[in-house]
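Could you build the full structure based on these sequences and the hints that come with them?
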Amino acid sequence: MNRTARRKFVSGLVVFLCGLAVAVALVPLFFVFAYVLQKGFSSLNWDFFTKMPKPVGESGGGMANAMLGTLYLIAIASVLAIPVGVVAGVYLSEYGKKPFGSLVRFTADVLNGVPSIVIGIFAYGLAVLPVKHFSALAGGLALGFMMVPIITRTTEELLNLVPGSLREGSLALGATRARAAFSVMLPAALPGIMTGILVALARIAGETAPLLFTAFNNRFFSARLDQPISSLPVQVYTYAVSPYEDWHRQAWAGALVLVGFVFVFSVLARVVTRRLERMHRT
Amino acid sequence: MKAMRFLLTLVFGAVMALAASTAQGQTVQINGAGATFPYPIYSKWFAEYNKMHPEVEINYQSIGSGGGIRQLSNQTVFFGATDGPMTPEQQFAAPGPILHLPTVLGAVVPIYNIPGVDTPLKFSGKVLADVIMGKVTKWNDAAIAGLNPGVKLPATDITVAHRSDGSGTTYIFVDYLSKVSPDFKKTVGVATSVNWPVGVGGKGNEGVAGLVKQTPGSIGYVELVYAQQNKIDFGSVQNFDGEFVTASLASVTAAASAAAKAMPKDFRVSITNAPGKGAYPISSFTWLLFYEHPGDRKRAKIMVDFMKWALTEGQKYASDLSYAPLPQEVIALEMDALKRISL
Amino acid sequence: MKTPSSRRSSDDRGFRLGTGFFALLVVLLVAGIFWELYRTSQLSLSKFGFRFWTGKTWDPVSGEFGALPFIWGTLYSSVLAMLISTPIALGIAIFLSELSPRVLRTPLAFLTELLAAIPSIVYGLWGVFVLVPLVRQLQVVTPEWMRKFPLFSGPPLGVGMLSAALILAVMVIPFTSSVAREVLKAVPYTQREAAYALGATRLEAILAALRFGRTGIIGAIILGFGRAVGETMAVTMVIGNNPQITTSLFKPQYTMAAVLANEFTEAADDLYLSALIEIGLVLFIITLIINALSRLLIWQVTREVKVKTTPRPVSTMAFSAPTGAE
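So the protein lines, in turn, are chains A, B and C.
According to the numbering used here, the residues represented by the first sequence are 72 to 353, in order.
According to the numbering used here, the residues represented by the second sequence are 853 to 1195, in order.
According to the numbering used here, the residues represented by the third sequence are 1030 to 1355, in order.
In case anyone wonders, no lab produced these hints; they're calculated from the structure.
Every residue, glycine too, gets a C-beta built ideally from N, C-alpha and C.
Please note that the accuracy of each hint is not assured.
What the hints assert, rightly or not - Here are the simulated DSSO-like cross-link-like pairs (lysine-lysine), alpha carbons at most 27 Å apart as the crow flies: (1) K1214/C with K1038/B; (2) K1004/B with K1038/B; (3) K1214/C with K1037/B.
Stated by the list, open to error - Residues of chain C clear of chain A, computed beta-carbon distances all greater than 10 Å: (4) Q1071; (5) K1076; (6) W1101; (7) Y1105; (8) G1120; (9) L1125; (10) L1180; (11) K1214; (12) T1230; (13) R1243; (14) I1247; (15) I1274; (16) A1286; (17) N1320.
This is the structure:
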């Protein structure tokens, strides 16, 4: 075989292998999805969504408190993280060229990479130990800390995409920079930022480790900030490592709900991004 | 976009409304944590009590005796639960005097998973200790075969499953093993968390039961009800008098009878390897832990009322879940001790 | 009297300081985490010093805390995971950015993103009920002569290093591949065009692009490694939780993140808790270094080319930006 033919063969082979790689990666995805779907679907019933857990060994009951708990926790996290993230993002897009801007960007990236269990330890020391109880607030704090870097970076990037002419135009009309940023630039970038927030929410909704010693767990549903609260990932974990078949079924159902949640948000994010792309092209 | 924003506001609004409505009632929530050993009966008790008193929500999380003691000392929970009594160091480290109140009696059983073996195996204390220490490594070892003539044991490797968390169940188990094997006492010792020579760790009674159930050739130790509810094989153990006793209500009660007559004032007593006919050697009390002077009077009153119920009405539920109810003498002493909690 | 322009500049200064304060909060958060971890691990730091990291025994009963088994477990599982996942992740990145027909690109990219978004606990669940029995079967059918080697020794438990490495690999693949894709996108097309002009095959053109972006690709791999290091839930459910140091793929071992999840709530005394937090501190520092290093490498490639005209799919940003693994 002459050199050219050999090169072409190798090239074709590698192309094939890359396609194979995609297939290989998608196999576990399919596996996991299919398994969760199959196992979870059969355990999904109206009870699951509306009932509280039953005592150990009794079958039936549901994860109503866990699902409400997760919604509650991500609500708290959002209230804490969104203002900080968005405003920090505004700062970065307005004044980000300075060295301080680079520092902020760097620390945001670092924060993004911190294992969530370490964030949980931090929140434990900050919000559980001093007041001597586990709380929904501590859990929400831990989750909020994880949201901040995502929202900050998303806000900055999307603000940078808004044409500079918008800012210049409003400044030319006499607006202060604050006005230009908050009343003109931010609304223009809002759809993308909202998507970023939704995606961040979907991510923290599935986190277990930081909640293990902050929000702890709760058999009942308590809407108080200063009491432990149940959450879907923690409940799924507790049930999964137990030896009760009934709890295993419910764990799969809970996993299905989590995956469904993530799926819906990913689709939403894609749709919005596509619309954004179309907007910016015209 | 508008639709999404609308949807989000709706969701948040619904959550807040729900929050407001649930916070409306005068429900008091009391948090406790600790042993997994009595979790089945505690969860039953708290659920029943909640049915009778809907405004009382007792939230118990089974994170292991070590966790219960720790969280109680940190005061992040109102009460703790343990099957290994607090050590003097632990008691000293707590911010106030803590009362140990026995609730039920339970048994720790050696569970195993040997495909093909149907008859319950017999274990002597020494053999059990050697297996756990990793000195006996195969199921068909002479030591095990000698105790079980007629049973066809395979040449499978023994995998030991133990607790990865701090556990009162561990405490009970190693307390017994240390009493019957000086070697074990020297190598491993007695505590809620020990340095296991061999084996895999599972979290909670649930974790060990799960491990044994899924791993052929494994042996572990769990509270009796976990073995029964999950239909895991468990063996009988040789007691102080030499009989091979299977864990049951009767055998556990027999183990407690001697201790009941001589119960120390702080209720911290070990009844493993108890003498007596038909006594199951790996039995134990399990305790709820309360501060004698908790700051929160309201919760203290609720828990004292709960304990009074648990020591009388609650004992009915014990036998269904394979825990032995407390001897009457002990209950009388406890009712007295409850007065020590300042209300 | 305040003139319009002076009023504007004081407003602007207020704006800068106000928003700057929030930006500062981000920095303070990270500094706060470091400070808090450092402060609460003092007891252990001062008692054990460097011995902490060379000690092999983790014995809460006697107060002997040596964290080497956890470092071993973390490194072994993460390196194995990277060995398995990197070729696949790079293959995907190359396929999606260079080779695939345009029509396939979006759905495939979406599917890999979905893989990245699945919560760790779901992987853990699948790991316990599907992967572990599979690995146990694998162990059972491993021939006796292979089991003699230390690499394959150990009872057929299913839980152990191999299961942990496999599940980590599955979790890291989409992550590494999307960052690698970003890097490849940043490589200017002129690189490939030049290669084709010189008569290169497809592979050789791709290799040219890869060479250009090689520092960024390495950065992507390092980022993936960082994610594997910090992964908690899925690992702790399948690794067996036994602090032993062994090269065996089949024996149960323990990682830093897993021991934190298991033992934190019940560290029965201050020294124990402090030792655990010290592990947390080191985990924090390791991921900090990994992130900084990889960001630097990736930045080197992407800054050369500013070709951002369309916004990146936001979901990629959230999941491909160095995400805190859990």
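Taking each numbered hint in turn, which are not upheld by the structure, reported in ascending numerical order? Numbers 1, 2, 3, 8, 9, 12, 16 and 17, in rising order.
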